[in-house]
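Asks: Sequence:
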Amino acid sequence: MKRIAKDPEERRKELIDTAEKLFLTNGYDQTAVSDIVKEVNLSQGAFYYYFESKEDILVAMLEKNIAVMESALRQTADRTDLDEAVKLNAMFNQFISVTISGKKIHNYIHQKMNATLHKKLIKIRIPARIAQIMAEVISKGMEKGRFNVARPLETSYLLIMLLAFNLFEPIDELKDTEQAGKQYRENIRIALEDLLGRALGVSDYRFFLQI
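The numbering of the sequence shown is the numbering used here, which starts it at 17 and goes up by one.
Calculated from the structure, these hints are not laboratory results. Worth double-checking, as some hints may not be accurate.
[To be verified] Here are the computed lysine to any residue pairs in the SDA-like style, where the Cα-Cα straight-line distance is at most 20 angstroms:
(1) K22 <-> E55
(2) K37 <-> K70
(3) K29 <-> A76
(4) K70 <-> N57
(5) K80 <-> S69
(6) K80 <-> Y65
(7) K80 <-> I116
(8) K70 <-> P24
Just so you know, these numbers come straight off a predicted model, no measurement behind them.
With the hints as extra help, turn the sequences into a complete structure.
Replies: And the structure:
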């Protein structure tokens, strides 16, 4: 098949999108660079013009997803028709949705054998970037007397990390039956919803997490 010349940025995006599809479908370890370039009808040598390794395209994929999440969170934060508590609820659920969709990849990244890859991802500063947007909403809520928080940024950071920890936990592997797993998730959801209300000092709004 004849290869079609494309703008470098368009080609790079195509490679990232294709790699993401294959990683999520087949697994990161089971996907080779040759599989990625075959999908886009590109030579393997051309791949290395854009990325130094398969690890680098994974980092680029995660950076893309975080940028999309940041944009979605910013749009929610900037809405003028929503109460601050409702905004935060929507933002937490946006974070949960993106996190769950990439759970397989994230679990792979956090394995001990991938320490080098993990160090690369630390530079992206995912929690800090997201926490900053949520902290702005918390601060506005404080100005209106909606929240009672001493440190908005630190509070949002800790809440995000707590959510992420519970979402990454291999629940199904820890539970003996599917029903036990469902009950565990339900217990975690209720506990986290209660914690959000308490941490933010909200007494007249019940958070609802889509876990």
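Asks: Any of the earlier hints contradicted here, and which numbers?
Replies: Going through the list in order, the structure violates no hint and respects every one.
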